[in-house]
Amino acid sequence: MNKLLQTDGGHSDDHGLPPMSSIKRWLVTTNHKDIGILYIVTSLFFLVMGGVLALLIRLQLWLPRAPGEGLLSAFAYNQSVTAHGLIMVFWFLSPFAFGFANYIVPLQIGARDLAFPRLNALSYWLYLISGILLGISFFQGGTFNGGWTVYAPLNLPAFTPQVGATSAILALFIFSVAITAGSVNFLTTIHRMRAKGMTLINMPLFTWTILLTVWMMLFAFAALLAALMILSSDRILGTTYFSTTGTQGSLLWTHLFWFFGHPEVYIVFFPALGAMAEIFQTFTGKRIVGRKWFIAALVLVTVQSFVVWMHHMFLTGINLEIKTIIMITTIGISLPFDLMVFALIYTLIKGRIQFTTPFLFAFGGLILFIIGGITGVFLGAVVLDYEFRGTYWVVAHFHYVMVGGVTGLVAAIYYWFPKITGRMYDEFLGKVNFVLYFIGFNLLYFPLFIAWETPRRVFTYPPSLIPWHQMATIGGLILAVSFAVMLYNFFVSLSRGEEAGPSPWKYASTLEWALPSPPPLENWEGTPTYENGKLEFLPDNIKTDGGESTHE
Amino acid sequence: MLDFSFSFPLAGSNILQIFPTGSRNFIFDQIFFIFVLLGTIVGVIVIAYMLIQAYRYREGSAPKKDDVDRPKLGELPPPVDDGNKLLKSLLLSAVVVIALVVWTYGSLLYVEAQPSQVDGALTVEVEAYQFGFLFTYPDGYQSTGVLRAPVDRVTVLKITSRDVLHNFGSPDLRIKADAAPGHISETWFLAESTGTYDSACYELCGAGHSYMKADIIILENSEFEQWNKTKNKGS
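If you're matching them up, the sequences are chains V and Z in order. Residues 1 to 552 (the working numbering) are what the first sequence spells out, left to right. Residues 1001 to 1235 (the working numbering) are what the second sequence spells out, left to right.
No wet-lab data here; the hints were simulated from the structure. Don't take every hint at face value.
[As the list claims (entries may be wrong)] Here are the simulated lysine-lysine pairs, DSSO-like style, with alpha carbons at most 27 Å apart:
| hint | chain 1 | residue 1 | chain 2 | residue 2 |
| --- | --- | --- | --- | --- |
| 1 | V | K292 | Z | K1072 |
| 2 | Z | K1072 | V | K534 |
| 3 | V | K350 | Z | K1072 |
| 4 | Z | K1229 | Z | K1213 |
None of these values were measured; they are calculated from a predicted model.
With the sequences and hints as input, model every part of the structure.
What follows is the structure, encoded as structure tokens:
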């Protein structure tokens, strides 16, 4: 080992940063792995917050309520359904996925960090600030209470005058800024900083899904950011872009929101899909079937995601010709997903399948996604969609898809836990977690298909549906317990888990598993390369241009 | 251009027609039933296939001798061409999904056809507001909270909103239409039996949303005409 490498190695242990046990470290860090951990931990706090709101909703729905009955007032109920949706979609799902993206993507492509580490830290801190602001908004006369879709003109001060409602809109605004900065950062990193030989087509599937996610974010959040800018202007400066009378307000907002909102569905789902694909490969001991078709399907969905938004508006002022076009594009976007589901299923064949906790969650997540997909076809048939609009069919369908995505991300946290902490989680508790989760999930969401005639965001419903809603509430409590088991498992395993070593998984193939767990601050000594068809680390001082090491 | 030339009402009048037409309940029930049936069959087959393959290829069950090339740490994915089976499966699922949705398209055209041209149709304007519905009849009579309509006759609704976005829906009569300020959405229904049906707002519209309801009372034709004649006297 030469002198340069030694000094470099010694230097990389601290890099001038305080140790991980010091709070200051987490305030000043710009390292992608540190920020990944910050995202994961923060998003889990928001999961608890959104989950508590969900339980409040479910308890209110235990029985059909007259005004003033039950735990929540009508106003509090509307705040709960709104904030639950906003928190789960914006402050939990995407940031949770981007915790893994921060930690894992640079490792998978052989980059030492993201392209702009300080910008990355800024993204995180803006995300945290926006979330805190949303929390504060509850205490400013009530948070926004017009639904997570923030439809106009209910989103104007004339109808939602609370200061807290304005704070919630500003929180969303700041969040969108954070996302936009983050997407630029990831785009630059993935397109410009891959190791030699790591061509786009060779990238691991998790990295692929993150790349396509950030491309979608770049365009989708631009629309949301624009909409939020004019809405903030209406709320704070008194402009009247979203007029309280006339269709210009409600239709303009609905188009802008869903132009963002539909790609957002894939933005939150893709990372889970990528993680599931990696986990399937690792625990079946099989490479994914039809890899290039899988990637082609992902790319196709990314493009198509921007031409289906009006299927959220089949009853909202669009004519039959446009309905027909959107119906066709909507069927069109379901087909690449069919292909991806088949690819994952066929990967099982001739595998040597290890039913570890991450695999169980990925496998279970795929089952849930299939049910979500089939019930989604119902909504693609416009005549049926008319009747499902605003009912629990929609609620049940998108919870199967979105929380199906959460299932994939729970698989991801079990999968990468040994890499991030250097310790194994408890396999028995993991399996207990999965069983509780899967039972709780289906007990919570499946009865909602049966009770689909319940109108959304309403806490009165026909008494004949009481058993189904009570079943769902019990399922919700079981699902909550399963998350408590997960957090307990991780908490205990952090100090008591077995040492994981570089790779506890027999058939892991991506770069991160070639590194110590957790990887050192600078990830590796030397330079990773795939130039010769497989991973190698070149010593830093052997530079073809003879120049100095540049990462100082 | 799309063809709107459907005769009206067609309730069960043409058995040769492939797609369901008739009252909106009839259309919905027919299509929903087929979707639930096929959806359940497809779901059970696919999930059962997954479970069987996962069990069959569990670790330890496979023969000791392993002739499959397993993933290796630090590899690049080797170029293999194994997409054939995948594309075949895709084609099969595409045929099922496209056939289903195209089949329903005829019914969509029927529902979307201009029902106000039907002879004898009753037209009622619906104005949604925070938190109720105001119904206006052709002669200008207005009522809140109760819509009366005759049985076996098409009723056309012209729906708008006084304030925020609402949605007027009745699950029993399969009515659903957005009520947007400054915009009139048109929809229709055909009640096949008399009685009182629920309707409610299906779009979150403020604190009173959960209780924004109206009754739809379906009367015999003669009763309705009787009421129609005398309604203005009472108010």
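Status of each hint after checking the structure:
1. V:K292 - Z:K1072: Given that 27 Å is the threshold and the Cα spacing comes to 19 Å, the pair holds.
2. Z:K1072 - V:K534: Distance ~10 Å between K1072 of chain Z and K534 of chain V Cα, so the pair holds.
3. V:K350 - Z:K1072: 16 Å, holds
4. Z:K1229 - Z:K1213: 26 Å, holds
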